[in-house]
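Protein sequences appear in the order of chains P and A.
Using my numbering, the first residue of the first sequence is number 1, and each one after it goes up by one.
Using my numbering, the first residue of the second sequence is number 219, and each one after it goes up by one.
Just so you know, the hints here were simulated from the structure itself, not pulled from any lab data.
Computed from a prediction, not measured in an experiment: that's the story for all the values here.
Idealized CB from N, CA, C, for every residue including glycine.
Be aware that a few hints might be false.
[Unchecked claim] Negatives, chain A to chain P, calculated, CB over 12 Å:
id, residue
1, ASP354
2, PRO369
3, PRO394
4, LYS553
5, ASP682
6, ASP684
7, VAL685
8, ASP687
9, HIS697
10, ALA758
[What the hints assert, rightly or not] Here are the computed distance ranges between Cβ atoms for each label pair:
id, chain 1, residue 1, chain 2, residue 2, range
11, A, GLY355, P, ARG168, 47 to 57 Å
12, A, GLY723, P, GLU90, 30 to 40 Å
13, P, VAL52, A, ALA583, 33 to 43 Å
14, P, VAL52, A, THR649, 23 to 33 Å
15, P, GLU83, A, VAL693, 56 to 66 Å
16, A, THR649, P, THR156, 24 to 34 Å
17, P, GLU182, A, VAL693, 41 to 51 Å
18, A, TRP303, P, THR199, 36 to 46 Å
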Amino acid sequence: MDTPTSPTRLPRRKVLQWFAAAAAIDLTDLPSFAQSASATTGYGTDPDLTKVYSPGDVWSLTLSDPERKTTVALADLIFPADEFGPAASELHLVDFIDEWVSAPYPNQQRDRDVVLPGLQWLDEESNSRFQKPFSRLDEAQRTAICDDLCAERPATPDLAKGARFFERFKAICSGGYYSTPEGWAAIGYVGNVASGIFTGPPQEVLDQLGLEQTVKDG
Amino acid sequence: MPTIPISKAKPEYDVAIVGSGAGGGQMAYTLTLAGLKCVMLEAGRSYDPMTETAMFQTGAQAPLGGSSTPDKDFGFFDATIDGGWDVPNEPYTQASDKPEEQFKWWRARMMGGRTNHWGRISLRNGPYDFKPYSRDGLGFDWPVDYDTVEPYYTKVERLIGVYGSNEGLENTPDSPEGVLQPPPKGRVGDLMTQKAGKKIGVPVVPIHRAVLTKPLDGPTLAAKLHPDNKKAQKIVARSMIQRAPCFWATDCGRGCSIKANYQSTTVHLPPALETGNLDIIANAHAREILMGKDGKAKGVLFIDKISGKEERVKAKAVVLAASSGETVRILLNSKGGEGVANSSGLVGKYIMDTVGSNLKGQIPALENIPPHNDDGAGGSHFYSPWWEYGAQKAGRLDFARGYHIEIGGTRKMPRGTSPVPGDYTKGLYGTKLKEEARRYYGSFVGLACRGEMIPNEGSFAELDPDVKDKWGIPVMKWHWKWSDHELNMAAHAQDKFTELIEAMGGTALPNPKKPGAKSILQGGEIIHEVGGALMGHDPAKSVCNEWNQTWDVDNLFLCDGSPFPSNADKNPTLTIMALAWRAADHIIEEARKGNL
Ligand SMILES: Cc1cc2nc3c(=O)[nH]c(=O)nc-3n(C[C@H](O)[C@H](O)[C@H](O)COP(=O)(O)OP(=O)(O)OC[C@H]3O[C@@H](n4cnc5c(N)ncnc54)[C@H](O)[C@@H]3O)c2cc1C
Ligand code: SF4
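Put together the whole structure using the sequences plus the hints.
As structure tokens, then:
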């Protein structure tokens, strides 16, 4: 019988070859962000389902080094190490996000069009407030920006735009973070283990909810 | 699954079966165990659930966390191969550009078809469901009644293994004592809904699903299923012993490598192959029925998708079980597009799906409850059978037929998308975000209406005069229409769901689509496509008789959902299998009489 396998630790991504060329381009030059992910196709309608995949296996990752740095910093602010579980960077979430925004599918391409300009915006905002890109800010500075994005009503239209990016980025991060066994522990998913019997919710849960198990043994 | 190339096919078979899903699988099983020589044509590739099923793989091991994409509509690990809402090289068209007048056509192109990933919900039609016209003057009666089909429901349940309970509820048949497997325990969402149902008069009971909750007693069951056939008993007993009971983990939609649930590839095809009477040809896309001058079917013309060449198999009888839409297509494309078995002009008419309408509720009592294993049997445990027969009879409802409610699990394995809707964590990040995500995770209960659609003149399929698939075969063009019965049903369901959610102390989430009648899902979306070649008593008003046998061509049988004259809220597959077994018995009988 199979047993649950442990999560794959993603190797640190090699800098993609084409990045060498892309790096020469001025990254503040917006049009370079507008280009869509490499014109690869997806995994098709008959992929090998039992293989273990790492980001980059099916389509190339496309985030630039500065974009990845900003992504790591922001993802760790959203998912820091705490009593619930490890930080996003310990789970290599940047690779998941890079895979997501580099995917050839329509939903992911739409997210790409939000995330790439969003990362760019975040660095511009950091530069104009603190004269450093987001990844080089200290925690208080990062928090200052993010608190503005999380305000009930962002103060300016520019911040409102940043807030939309922030929520979308967070949703993508959540998808990746909670798909790992560490994420399961953080959210309280228990399962994916074979067992000879299924006893239903534990008595303490039934008691708390005032429920009775109506399917009796037998 | 072992297959043969066309070059190894026999010059002639007793029966050629098109399609390897529920209908084709059941046919092959019954016919080959009785000694008939069969060839099965399957448009998809061969598939082995033992080695190809992703059982314990986690989202983190799949691209995009395993979330759905246009390549894999129901997620990366779903046991659908070369299928989905769009199938490569096989387009279909719509007569209208309005979504509410369109039919979404889900197809699988693989050995075992949709049975590899179906929901395994296996409900018997009740006595009312076979005679709907007699009860309310709408739609059509079946040429069979419940008592005629009952022995076949029992046979199928014994063979495939179905868990559930006998509740003695109206038009919700009990199975004979000892046939059902024990139902699994209620999960939190099930028990909450059950308790809320009690408050507002909606019964909530264990559902019936084709999942083993204990090992099958192979020898005893095989002796019951095949009393006078020692060889069949041996083969079937052995096949049953190879199936393990559910180990209470992993999603049945991925398929089951331990054979605990029903899929044609683990339950029907292995014993059929073991008889030595079945040859399966994969990648064989049936195009037409070969007709003789005597008006009888002589075999099947198909495209070998690997070579692209036209090939033929010959047989004394032909069974179509390609899923109802595709069976209709083959009938209409036969005789060079003139059509076969269509003297009534009814082939393609009266296509039905199930009425779908969903609502989610957020239940504060479920916030932050102690984490616990909610995986269960990899699909639903409880449901509400339709309970308002009385109100309907008294004319108190504005729709004629029933629906059942399916209850979604609460603490599911996250799969690449945020497990908590963004509204609940808006403006949060850091530890506070994790805290709130944990609080809300598992606090949502999903309720789904699955209801009866009444056949109507506006829902049908025909050949598209212009569009052809990759092999030059004309494709289906769909027409769709809901009547007020279905729309009013969806509105009723939304109201009931809101009541249920409120009785749990929760709040119904704003429906992402629209409230009331507008919440109805698109035609085809529930993937219970049936109809298109109705069975009946009168050759002028139906395409086949009670044996799934076409009136016009007496050695041609349709053994998927296409002969259904109605589509009760009971999911169709158990009935497809029961009728296929019955039709197979009829073919065996005719063969014994020398009538094939
Ligand atoms: C996600 C999902 C959940 C479902 N849940 C349930 C449920 O809980 N309960 C229930 O009762 N039903 C359920 N269904 C429906 C159920 O899957 C079908 O009713 C059942 O599989 C029908 O069996 P079939 O043999 O008619 O068709 P299929 O299982 O689709 O098999 C048809 C086979 O024919 C092959 N074929 C098609 N065209 C050709 C051709 N031209 N030549 C050769 N071969 C061809 C196909 O490749 C396929 O393998 C569900 C379906 C889906 C997709
Ligand atoms: S839940 Fe049970 S039946 Fe379903 S796939 Fe898992 S082991 Fe098999």
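So, going through the hints one by one against the coordinates:
1. ASP354: 33 Å, holds
2. PRO369: It holds; PRO369 (chain A) is separated from chain P by about 27 Å at its closest Cβ, greater than 12 Å.
3. PRO394: 18 Å, holds
4. LYS553: The claim stands: LYS553 (chain A) keeps its Cβ more than 12 Å from every Cβ of chain P (closest is about 32 Å).
5. ASP682: For ASP682 (chain A), whose nearest Cβ neighbour in chain P is about 23 Å away, the distance exceeds 12 Å, so it holds.
6. ASP684: 25 Å, holds
7. VAL685: 20 Å, holds
8. ASP687: 15 Å, holds
9. HIS697: 27 Å, holds
10. ALA758: 42 Å, holds
11. A:GLY355 <-> P:ARG168: 47 to 57 Å: Given about 53 Å between the Cβ atoms, the range holds.
12. A:GLY723 <-> P:GLU90: 30 to 40 Å: 38 Å Cβ-Cβ, so the 30 to 40 Å window holds.
13. P:VAL52 <-> A:ALA583: 33 to 43 Å: At roughly 39 Å between Cβ atoms, ALA583 (chain A) and VAL52 (chain P) fall inside 33 to 43 Å, so the hint holds.
14. P:VAL52 <-> A:THR649: 23 to 33 Å: 31 Å, holds
15. P:GLU83 <-> A:VAL693: 56 to 66 Å: The hint (56 to 66 Å, Cβ to Cβ) holds, given that GLU83 (chain P) and VAL693 (chain A) are roughly 57 Å apart.
16. A:THR649 <-> P:THR156: 24 to 34 Å: 28 Å, holds
17. P:GLU182 <-> A:VAL693: 41 to 51 Å: 48 Å, holds
18. A:TRP303 <-> P:THR199: 36 to 46 Å: 38 Å, holds
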